[in-house]
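Sequences listed follow chains A and B, in order.
So the first sequence is numbered by full-length UniProt numbering: it starts at 1 and just counts up by one.
So the second sequence is numbered by full-length UniProt numbering: it starts at 1 and just counts up by one.
Be careful, since some hints might not be right.
Here are some, though not all, of the chain A residues that point toward chain B, as calculated from beta-carbon distances under 8 Å [stated by the list, open to error]:
#1 L82
#2 G93
#3 M120
#4 G122
#5 H148
#6 N325
To spell it out: a stretch of chain B is covered by chain A in this simulated footprint if at least three of its residues, at any positions, have a beta carbon under 8 Å from a beta carbon of chain A; those stretches are [said to hold, decoys possible]:
#7 82-90
#8 120-128
#9 318-330
List time: in silico SDA-like cross-link candidates among lysine to any residue, alpha-carbon distance up to 20 Å [as the list claims (entries may be wrong)]:
#10 K324(B) <-> K358(A)
#11 K324(B) <-> D35(A)
#12 K324(A) <-> K97(B)
#13 K47(A) <-> L174(A)
#14 K330(B) <-> C347(B)
#15 K358(B) <-> A314(B)
#16 K209(B) <-> D311(B)
#17 K330(B) <-> V37(A)
#18 K97(A) <-> K97(B)
I should point out that these hints are in silico values taken from the structure, not numbers from a laboratory.
Idealized CB from N, CA, C, for every residue including glycine.
Number of protein chains: 2
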Amino acid sequence: MSLPEKIEVSADRKYPVYLGAALEDLGGYIHSLPDKVEQILVISHKKVADLYLERLMTGLGDYTVDLMIVPAGEEEKSLDRLSRLTTDALGFGADRKTLVIALGGGVIGDLAGFFASVYMRGIRLIQVPTTLLAQVDSSIGGKVAVNHPAGKNILGAFHPPVAVWTDFRTLDSLPWIEVENGLAESIKHALITDSDFFSFFETQADSIKRRDPVIWREMVARSASIKVRVVSQDEREQGIRRLLNLGHSFGHALETEMNYRGVTHGQGVSIGIVAAAFLANAKGLITLNEVERIKQVLRCYDLPTSISRQDPHALLQRMETDKKNQGGRKILILPQGIGNAVVSKECKDEEILDAWQKVILEDN
Amino acid sequence: MSLPEKIEVSADRKYPVYLGAALEDLGGYIHSLPDKVEQILVISHKKVADLYLERLMTGLGDYTVDLMIVPAGEEEKSLDRLSRLTTDALGFGADRKTLVIALGGGVIGDLAGFFASVYMRGIRLIQVPTTLLAQVDSSIGGKVAVNHPAGKNILGAFHPPVAVWTDFRTLDSLPWIEVENGLAESIKHALITDSDFFSFFETQADSIKRRDPVIWREMVARSASIKVRVVSQDEREQGIRRLLNLGHSFGHALETEMNYRGVTHGQGVSIGIVAAAFLANAKGLITLNEVERIKQVLRCYDLPTSISRQDPHALLQRMETDKKNQGGRKILILPQGIGNAVVSKECKDEEILDAWQKVILEDN
Numbered sequence: 001m002s003l004p005e006k007i008e009v010s011a012d013r014k015y016p017v018y019l020g021a022a023l024e025d026l027g028g029y030i031h032s033l034p035d036k037v038e039q040i041l042v043i044s045h046k047k048v049a050d051l052y053l054e055r056l057m058t059g060l061g062d063y064t065v066d067l068m069i070v071p072a073g074e075e076e077k078s079l080d081r082l083s084r085l086t087t088d089a090l091g092f093g094a095d096r097k098t099l100v101i102a103l104g105g106g107v108i109g110d111l112a113g114f115f116a117s118v119y120m121r122g123i124r125l126i127q128v129p130t131t132l133l134a135q136v137d138s139s140i141g142g143k144v145a146v147n148h149p150a151g152k153n154i155l156g157a158f159h160p161p162v163a164v165w166t167d168f169r170t171l172d173s174l175p176w177i178e179v180e181n182g183l184a185e186s187i188k189h190a191l192i193t194d195s196d197f198f199s200f201f202e203t204q205a206d207s208i209k210r211r212d213p214v215i216w217r218e219m220v221a222r223s224a225s226i227k228v229r230v231v232s233q234d235e236r237e238q239g240i241r242r243l244l245n246l247g248h249s250f251g252h253a254l255e256t257e258m259n260y261r262g263v264t265h266g267q268g269v270s271i272g273i274v275a276a277a278f279l280a281n282a283k284g285l286i287t288l289n290e291v292e293r294i295k296q297v298l299r300c301y302d303l304p305t306s307i308s309r310q311d312p313h314a315l316l317q318r319m320e321t322d323k324k325n326q327g328g329r330k331i332l333i334l335p336q337g338i339g340n341a342v343v344s345k346e347c348k349d350e351e352i353l354d355a356w357q358k359v360i361l362e363d364n
Numbered sequence: 001m002s003l004p005e006k007i008e009v010s011a012d013r014k015y016p017v018y019l020g021a022a023l024e025d026l027g028g029y030i031h032s033l034p035d036k037v038e039q040i041l042v043i044s045h046k047k048v049a050d051l052y053l054e055r056l057m058t059g060l061g062d063y064t065v066d067l068m069i070v071p072a073g074e075e076e077k078s079l080d081r082l083s084r085l086t087t088d089a090l091g092f093g094a095d096r097k098t099l100v101i102a103l104g105g106g107v108i109g110d111l112a113g114f115f116a117s118v119y120m121r122g123i124r125l126i127q128v129p130t131t132l133l134a135q136v137d138s139s140i141g142g143k144v145a146v147n148h149p150a151g152k153n154i155l156g157a158f159h160p161p162v163a164v165w166t167d168f169r170t171l172d173s174l175p176w177i178e179v180e181n182g183l184a185e186s187i188k189h190a191l192i193t194d195s196d197f198f199s200f201f202e203t204q205a206d207s208i209k210r211r212d213p214v215i216w217r218e219m220v221a222r223s224a225s226i227k228v229r230v231v232s233q234d235e236r237e238q239g240i241r242r243l244l245n246l247g248h249s250f251g252h253a254l255e256t257e258m259n260y261r262g263v264t265h266g267q268g269v270s271i272g273i274v275a276a277a278f279l280a281n282a283k284g285l286i287t288l289n290e291v292e293r294i295k296q297v298l299r300c301y302d303l304p305t306s307i308s309r310q311d312p313h314a315l316l317q318r319m320e321t322d323k324k325n326q327g328g329r330k331i332l333i334l335p336q337g338i339g340n341a342v343v344s345k346e347c348k349d350e351e352i353l354d355a356w357q358k359v360i361l362e363d364n
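In isolation and in its complexed conformation, chain A is listed as follows (with noise of 0.2 Å):
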């Protein structure tokens, strides 16, 4: 196979992404690493592990190697599970020259960047991520966090890795829900930096759904490298690394008012982006014909533009905890037309139920 492509996150402390690298070598980086590591923890969901721990073992006889597993869903990413990896932890002597490895996908990316964030103030991680989502977004630009009941990701640090491991046959297997998840981002990707990639989604459609490996390498290298990039301007997000927030802060609301039932997170995301594609409309930023193409890429892939049953007050005041608000000012992302987005902060309530009323289908 060919080599895996490089590429260089440059925030406050540099690290490398690798596109395309076999779960196999990782163990042949790690030594190369300048600090030497003496332990390792893998944290991983058990379906995962069961399909790549054996592969990522190859590289890492040398070690002492203790695999701690977390059980799917994303009510694990709590101060609970955080509490239960530390006693874990510390029963296998892991201290401050142990290195965990984040093996899956953004839950266990977030998890157990984490707990690698806190755990004796902090150790060192890697993150290999194994679905779409967390190759093309979660797992480059140091955000870690667990959820809070009152709202998603509410404690968690910058905790950048000490590299990325990105083995694209972890995508072969993967359940199209998954892949959804992923693409709801890429495309996310696409709308607020690049029209071209954009295009790619709607010219490519066919190949994309059939995973052809060329093309899906290159959606996959495409949307790493805006990732990079971003990050690399705004580790801290202060500025342009906000922007990555569209469709978040209406999808977060969703999910976290659904408990995190019945709406995966890149079906969030993407009714969020039609909802901020509707905000943006009546503020003149985007045109209707843009919107449609919005939607139309989005349904193409079978993402949902709409949702049935909800209550926009109850997802209204859900938005009151999210991050980006300021002084109880709410701060949405916004596109401007297709390859562009600005940071609104005049989004008044009426317009913000106006915006969700467009993506709430009545049942009758």
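Starting from the known structure of chain A, arrange chain B on it as the hints suggest.
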């Protein structure tokens, strides 16, 4: 009153430590911060807030200030308390522009600091230490943490404050047992870096014990300056900062084994310093005469130099989860004469047991 003395911590991010500042003037300082503060959360104990909140509010009239009261006790440095603070903060509408003021001693500084470090991935913090321990030591250097049932300060972060605001007047009414906690750290500072300051504790005992304000001011300023110097050189505890842990590996083991009851932090550190001194003597780093001088000084301030009815093997076991350990080896800080200390990576379990034996009284 005289103007506060300003010393600067020059670590990753520079921040000032104001010694001899007035609680009433903090508001003016906050107004002068370049990045506007929109809301303030004061985290404190009820007793401390009753004493000092009014003075603090003198300068904070322009801000929305919410008070979050934490019950007294080391056991409040927990994930559970962190979760409750988060619920309350969300209820108060705290966002990324909110500033946390930690008003209290070491427990409040650690807990409020850890909360500030993870709430919405980190918000600003001002340490307002009201105990001797916090003023000479724990408020400076950015270390924050909560405990885990299996070990002290296991989950934490480096979260440097915007500023440390020290009002000496809060020490006037401090109970002696609290003074002891600070003296133990202060004497430790002298022991590891400054033999002249160590002599100060020998010669000024009377003045210190009757709380002579001039001598206390000198003691706090010298001790805080040592801490500032050390953390400026090594914020992340890769080198010299580790020396500040002298007495703490033993002390934490004792505190954890006794479940934080019947032994204060200062008492644990005091006994820990003596145990470390005996171990240093066994290694030829310090004379028995010097060990005796150390015991003498501690005793002179009513700090214990031994403890009864403890199982040295259980205490040794507790040291297994010490954060300084590497690859299963115990790393201890040992005094080298008076005014110097070293990191020892060659401490065998038998030597540590011997040291414990020397500070454990046999009851007959």
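Okay, the hints, checked on the actual structure:
Hint on L82(A) holds. Least Cβ distance to chain B is approximately 7 Å, under the 8 Å limit. Because the closest C-beta pair between G93(A) and chain B is about 6 Å apart, less than 8 Å, the hint holds. Restraint check, M120(A) versus chain B: the minimum CB separation of about 5 Å is within 8 Å; hint holds. Given hint, G122(A) at the interface with chain B, holds; its Cβ is 7 Å from that chain's nearest Cβ, closer than 8 Å.
Checking H148(A) against chain B by beta carbon gives a least distance of about 5 Å; that is within 8 Å, so the hint holds. Taking 8 Å as the C-beta cut-off, the interface hint given for N325(A) holds, the closest approach to chain B being about 5 Å. Counting residues of the stretch 82-90 of chain B whose beta carbon lies closer than 8 Å to any beta carbon of chain A gives 5, which reaches the threshold of three, so the coverage claim holds. Only residues whose C-beta sits within less than 8 Å of a C-beta in chain A count toward coverage, and the stretch 120-128 of chain B has 3 of them, enough to reach three; the restraint holds.
Counting residues of the stretch 318-330 of chain B whose CB falls under 8 Å from any CB of chain A gives 8; the rule of at least 3 is met. Between K324(B) and K358(A) the alpha-carbon distance is near 57 Å, which puts this suggested pair outside the 20 Å criterion. Proximity of K324(B) to D35(A) is assessed by CA-CA distance (about 16 Å); at most 20 Å being required, the pair is judged to hold. A threshold of 20 Å between alpha carbons decides the hint, and for K324(A) with K97(B) the separation of about 10 Å falls inside it, so the pair holds.
A C-alpha spacing of about 12 Å is found between K47(A) and L174(A), which places the hinted pair at or below 20 Å, so the restraint holds. Annotation: proposed proximity of K330(B) to C347(B) holds, straight-line Cα distance about 6 Å (limit 20 Å). With a C-alpha separation of about 15 Å, the suggested pair K358(B) and A314(B) falls inside the 20 Å cut-off, and the hint holds. The hinted pair formed by K209(B) and D311(B) fails the criterion: a straight-line CA distance of about 33 Å is larger than 20 Å.
At most 20 Å may separate the alpha-carbon atoms for a hinted pair to count; K330(B) and V37(A) meet this at roughly 17 Å. Of the pairs offered as hints, the one joining K97(A) and K97(B) is violated, with about 35 Å between alpha carbons and a cut-off of 20 Å exceeded.
Hints 10, 16, 18 from the earlier list are contradicted by this structure; the remaining hints agree with it.
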